[in-house]
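A.B. asks: Those protein sequences? They're chains A and B, same order as listed. Mapping the first sequence onto this note's numbering, position 209 (from 1) lands on 1090, and the numbers just tick up by one. Mapping the second sequence onto this note's numbering, position 107 (from 1) lands on 190, and the numbers just tick up by one.
These are computed hints drawn from the structure, not numbers from a lab. We treat Cβ as the ideally placed atom computed from N, Cα and C, and that holds for glycine. Hints may be right or wrong, so weigh each one.
What the hints assert, rightly or not - Per label pair, the in silico range of CB-to-CB distance: (1) Q1149/A <-> K203/B: 25 to 35 Å; (2) G1062/A <-> Q128/B: 49 to 59 Å; (3) K970/A <-> E160/B: 45 to 55 Å; (4) V1035/A <-> E160/B: 15 to 25 Å; (5) E1001/A <-> Q128/B: 23 to 33 Å.
Stated by the list, open to error - When the alpha-carbon atoms are kept at most 25 Å apart in a straight line, the in silico PhoX-like pairs for lysine-lysine are as follows: (6) K186/B <-> K977/A; (7) K995/A <-> K118/B; (8) K198/B <-> K148/B.
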Amino acid sequence: MKIHKLGSCVILLGAVLSVSCGAFAQGDGQFINGAGGRGTPVKDTPNSVWKSPKPDNAPFDPHNLNGNWEGVVRNTTGKEVSPFTPAGKAAFDINKPLNACAGYNDPNNECASKLVGVSETNDPYVYCDPLGFPRMLFYQMRHMEMVQTPAKVVQLFQYNAVWREIWTDGRTLPTNVGKPGGPDPRWFGYSVAHWDGNTFVVNTVGADDRSWLDPYGDPHSLDMKVEEKYTRLDKNQLKMVVTIDDPRMYTKPFVAQPGLIFHLEPSQSVPEQMCVPSEEEQYRQFAAGADGVDTK
Amino acid sequence: MKTKIAVSAFVALCALMLSGSLFAHHGTVSFDMSKQVEMKATVTQLMWINPHCILKFDVTDDDGKIVHWAAEFGSPEASMQEGWTRDTVHPGDKITAYVSVSKAGTPYGELVSAKLPDGKMIHAK
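Chain B extracted, bound-state conformation (with noise of 0.2 Å):
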């Protein structure tokens, strides 16, 4: 899997602004709050839902694999005070996704934050 951490302190800072997210109101302990993968991720579905929106995205992996993975974020709500829209990303998109991954290892996690197909950062919560 083409996956790699972004040592940028932009990302970094990213982390730091985005602390709150961290306490989502279904909690994070499922996931490795303390990294960040770096994810060339192909959009499949964006799962505008309560309680929490779902991006789901294929990667390619280290063997030419292609793993499905998916990362909550936001309730629409309050994704939307972040920028998103129901229309943000569509499948096929390109994007890249920064995710706090599962603790059991499963291709799952937390969105923190993403670089959409016209390099524009969005924030996810």
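So that you can see chain A by itself, here it is in the shape it has in the complex (with noise of 0.2 Å):
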């Protein structure tokens, strides 16, 4: 095979590139240059790359987030976490990841020096596990729709198609999940909410630890405790704000996601996206022969 150089002006280009894919780098994993922009970076988030939705002057009901919201890929940079606690460093040493994350064009980052291909990731994702919580918020966010009955609202994710509950009946959350006599941890928690003005904050708890936080294996415990703050921003926009505290993995509560913009998908029709094992195991092999395992 014959590869030649590229001229000066490819090279140009290609510096541009390099330069577009760092600053793509800082958010969303995929582009997607469909009608109406998408993919297009934007800078009134610090992490979402989605094209900023235009603002609607339209009438609202600021406590009616019913509806289909498109959302993003991956919406979180790897960054925010907060130091490690001896235990955290620890699980995240064990984990490889194999998506990039905001620093991996830097070789002595941390996160970039631990990416590794399909065939060597221990991902839960590459054998269709559940994405688990919060992760489901942070990776394959791409449509999510609200449904508000009188007691409870209920969130289906795009992803897999599965969904979470969010008591509004003012139940309390289990103390003791995963304990003696406590119920068992979920893949997504227990959770209820209250309305905070305009706000609708949820918390969780109980978030099965075999999944990872966030698509770079940073890991969380069942003893991690995270709050969610959706606001309607107007009748186009909701804002979504995630907070976690996991006093086992991190030595501080962060701010995960300090602000992702979701609009509302215009056809209200939720495409279908799943992880079908049989596929994946053919994806894993095609992975296996491009990194030099080769299975044809």
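Bring the two chains, given one by one in their own frames, into a single complex with the hints.
C.D. replies: Written out as structure tokens, the structure reads:
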């Protein structure tokens, strides 16, 4: 195979490309260049490269969250986490992420040095294990639907067609999940919510610690508490802020998502996006070949 | 193997436009994304699967030997937004594939774009 150096013009374009990639790495994992210019990097949130939805001055009920909300594939940079505790560092060291983190272009960045191919990763995601909570909020969050009922809000996720229930009937969270006599851990934990003015505040505990916090291999424990805040900014925009408090893994609470902006999906229809184990197996065979283990 | 790097501004521009695809959600650490190789290919199979579609094709190398290649690109949902369908290519179709190849030197890669039998360019992401 003959591979030639590209001309200076192309090198210049490559440099531009590199800059583009670097900027891109601050947010989403995938451009989507469909109608409406989605995928255009935006500056109005620290992490999202999603096209900023246009304000809509039409009347709306700030306490009505119903609808299909469109987000992004990936909405954390991997840099939001606080310093690890010794247990957190040990858990992080075991994980072998395959997804690019914010500093992946820097060879001295710890996250970049950890990146591996699909054939080497131990990311539960490549086996179609549940993304779990709160990773579902940070990854594959392309479409999310809220369905409000008098007693709870049901949150439907496009990826793998899973849902969680968020109780609003005044019940309290369990305090002994995974302990003797307590309820079992769950992939999406146990959630309750209340309104603080026009912000819907969701508190969650009991998330199964087999899941990763995010695509970068950051861990979480069963002790983790997650707070989500959803605020409808106008008729077309919904803002999500996520704070993590996991003293077993991190030395202090941190804001994992400072302000992802969703917008109402115009069609209100959710495209299917499933992780199918048999297809994933075919893909892993491909990936093994790409990594030098030819399976053909 | 009859391959060559496309030095046209068009391809470079495609690369620029498609920079996002370099960060497909399964990562691209296995591929040399700094180069794209132009391959005259004969399609053998389009695997329309999640998490990523895989295009299989044959390429004749410089010694006249047929090499079986496979290149991944976006998920079916993402690919449909670029105009792909499960019927875009069929076995036997002659196409030009632009591929960032495996760092391991195996005949695998990340499909960046393709020139279809009718001459139409289609992005992959």
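A.B. asks: Hint by hint, say whether it matches the structure.
C.D. replies: Evaluation of the provided hints:
Checked against the hint of 25 to 35 Å, the pair Q1149/A and K203/B passes, with Cβ atoms roughly 32 Å apart. At about 55 Å, the CB distance of G1062/A to Q128/B agrees with the hint of 49 to 59 Å. Restraint check, K970/A to E160/B: a C-beta distance of roughly 37 Å breaks the suggested window 45 to 55 Å. Separated by about 23 Å at the C-beta atoms, V1035/A and E160/B satisfy the suggested range of 15 to 25 Å.
In this structure, E1001/A and Q128/B meet the distance hint of 23 to 33 Å, their C-beta atoms being roughly 26 Å apart. Distance check on the hinted pair: K186/B and K977/A sit about 19 Å apart at the alpha-carbon level, within 25 Å; holds. With a C-alpha separation of about 23 Å, the suggested pairing of K995/A with K118/B holds against the 25 Å cut-off. Proximity of K198/B to K148/B is assessed by CA-CA distance (about 23 Å); at most 25 Å being required, the pair is judged to hold.
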